[in-house]
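Q: Here is what each chain is made of, one letter per residue.
Number of protein chains: 2
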Amino acid sequence: MPTQDPADTVTAAILVIGDEILSGRTQDTNIAAIAKFLGPKGIRVAEVRIVPDVEEEIVSAVNHLRGRYQYVFTTGGIGPTHDDITADAIARAFGTGISHHPEAVRRLEAHYSHTPGMLNEARMRMARIPHGATLVDNPVSKAPGFEIGNVFVMAGVPLIMAAMLESIGPKLTGGAPLLSVTVGSSVPEGVLADGLRIIAETESDVSIGSYPFFKGQRYGTSLVLRSQDAGRLRAVAARVAGLIESLGGTPEMDEVA
Amino acid sequence: MPTQDPADTVTAAILVIGDEILSGRTQDTNIAAIAKFLGPKGIRVAEVRIVPDVEEEIVSAVNHLRGRYQYVFTTGGIGPTHDDITADAIARAFGTGISHHPEAVRRLEAHYSHTPGMLNEARMRMARIPHGATLVDNPVSKAPGFEIGNVFVMAGVPLIMAAMLESIGPKLTGGAPLLSVTVGSSVPEGVLADGLRIIAETESDVSIGSYPFFKGQRYGTSLVLRSQDAGRLRAVAARVAGLIESLGGTPEMDEVA
Chain P
1 MPTQDPADTV TAAILVIGDE ILSGRTQDTN IAAIAKFLGP KGIRVAEVRI
51 VPDVEEEIVS AVNHLRGRYQ YVFTTGGIGP THDDITADAI ARAFGTGISH
101 HPEAVRRLEA HYSHTPGMLN EARMRMARIP HGATLVDNPV SKAPGFEIGN
151 VFVMAGVPLI MAAMLESIGP KLTGGAPLLS VTVGSSVPEG VLADGLRIIA
201 ETESDVSIGS YPFFKGQRYG TSLVLRSQDA GRLRAVAARV AGLIESLGGT
251 PEMDEVA
Chain H
1 MPTQDPADTV TAAILVIGDE ILSGRTQDTN IAAIAKFLGP KGIRVAEVRI
51 VPDVEEEIVS AVNHLRGRYQ YVFTTGGIGP THDDITADAI ARAFGTGISH
101 HPEAVRRLEA HYSHTPGMLN EARMRMARIP HGATLVDNPV SKAPGFEIGN
151 VFVMAGVPLI MAAMLESIGP KLTGGAPLLS VTVGSSVPEG VLADGLRIIA
201 ETESDVSIGS YPFFKGQRYG TSLVLRSQDA GRLRAVAARV AGLIESLGGT
251 PEMDEVA
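Same order as they appear, the protein sequences are chains P and H.
With the first letter of the first sequence counted as 1, position 196 gets the number 196 in the numbering used here; the numbers rise by one all the way through.
With the first letter of the second sequence counted as 1, position 210 gets the number 210 in the numbering used here; the numbers rise by one all the way through.
No lab work stands behind these hints, which were simulated from the structure alone.
Don't take every hint at face value.
Put simply, identical chains are the same to the list, so a pair is met inside one copy or across any two.
Derived lysine to aspartate or glutamate pairs resembling DMTMM-like cross-links, with alpha carbons at most 25 Å apart [unchecked claim]:
hint, residue 1, residue 2
1, K36, E20
2, K36, E147
3, K36, E103
4, K171, E203
5, K36, E245
6, K142, D254
7, K215, E166
Fair warning: this is a prediction, and the values are worked out from it, not measured in the lab.
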């Protein structure tokens, strides 16, 4: 059970938009990539939702999440095809209009200028941006994402999503980063659990997650300790290491980071 | 934009429980595995949520999802440690009690009988099951999942989750399976999009998803057509193949499955 968030914790939600993720056809990797990008900035991903390419589902999820968390990051549905409906859904969620954004049009014109006819009606749709939004740069394929209110709208293709996230980074204000340290050993989770519960209860300012692992022939438990306070992390990690030793294990601890 | 679900479509939601997924430390693979297991049974995953190890978040998500979809599948949080709170949260969501389930206790006693002391208090916690629930077999490590109402509660470790899913399979009632066919080509999404929109609008009983791909040096677009009707899928796939050829591409089509 995690400790209460400190008062200065900044939280975010991720909204993944796409039938291909829900069907299992495409394995999502964006959720973990976004979470790992935000963590060191002191922004904790507190909820994720995956919804289909259905406008009312997107609108409803965006409006719930943007009211509850400081930031919302969406992925998917901003390409040129008929099933790319994210921009329209976001406009509707914010009760604003949508039309071709002059700077977005300019970027697409420049990108496709080498071949006449390349910038067709479908590709021009990628320049449709809700009114009041600011563009998010796409250094890979130029068609921009956008930022409106506390919502950042990004592409679903992981390479493009990662580039957009980099360009969003400087705009984000995080809290004190949550530091972590992992203490691993070959002691099974079930053997550690009783002692661990006592530590978790008495050191309740440090959250402790317990994750069994199976690596090749080796199995054991990784204990992930999280806190904003490096000193407290080291103290509780030492106590956890002591528990592991008392149970005949050899604790392996990485650096606090 | 997908077509409306046929009246006999059976829908499911997945609820992933775990700080380690939200932090990005662990890459989830259960969502895609569950979706791929359910699809051929005619059960469509319509929504996914990922929530932290916080009881009120689990309760709230379970109660929302079980009211909206025919089935809910949860993963994570049923191990022996202090951060495994799923069983208690599910009991609370259903307004029922929770205690050690005799058959679950029997299975753990048999599993740990070879070494005295192995079945400690923490491991015995894995036999705590909400009242009114039915056990879900765990052929891997014995500690069972459970089924209550329309909610199936499974482990988070992918190997164990997959084994539980197999044992749940025969209990599920699906609709007519959604068949699919993929038509791929090296024609870029933006070139296909205008023609594809017309096909999607006039053949609105078949859903068409468009996904750009990058494989090594090769890039192009995969068009995924879905319908319960194999004949309609073949007809619309032929029309999509014709569009690709008219744009100078070579369509590659797999079998309807």
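Q: The structure should be examined with respect to each hint, and the outcome stated for every one.
A: Checked hints:
{"no.": "1", "hint": "K36 with E20", "in the structure": "both (23 Å within a copy, 11 Å between copies)"}
{"no.": "2", "hint": "K36 with E147", "in the structure": "within (20 Å within a copy, 33 Å between copies)"}
{"no.": "3", "hint": "K36 with E103", "in the structure": "neither (31 Å within a copy, 41 Å between copies)"}
{"no.": "4", "hint": "K171 with E203", "in the structure": "neither (35 Å within a copy, 43 Å between copies)"}
{"no.": "5", "hint": "K36 with E245", "in the structure": "neither (31 Å within a copy, 42 Å between copies)"}
{"no.": "6", "hint": "K142 with D254", "in the structure": "neither (40 Å within a copy, 32 Å between copies)"}
{"no.": "7", "hint": "K215 with E166", "in the structure": "between (32 Å within a copy, 23 Å between copies)"}
The structure fails hints 3, 4, 5 and 6 (numbered hints given earlier, in ascending order).
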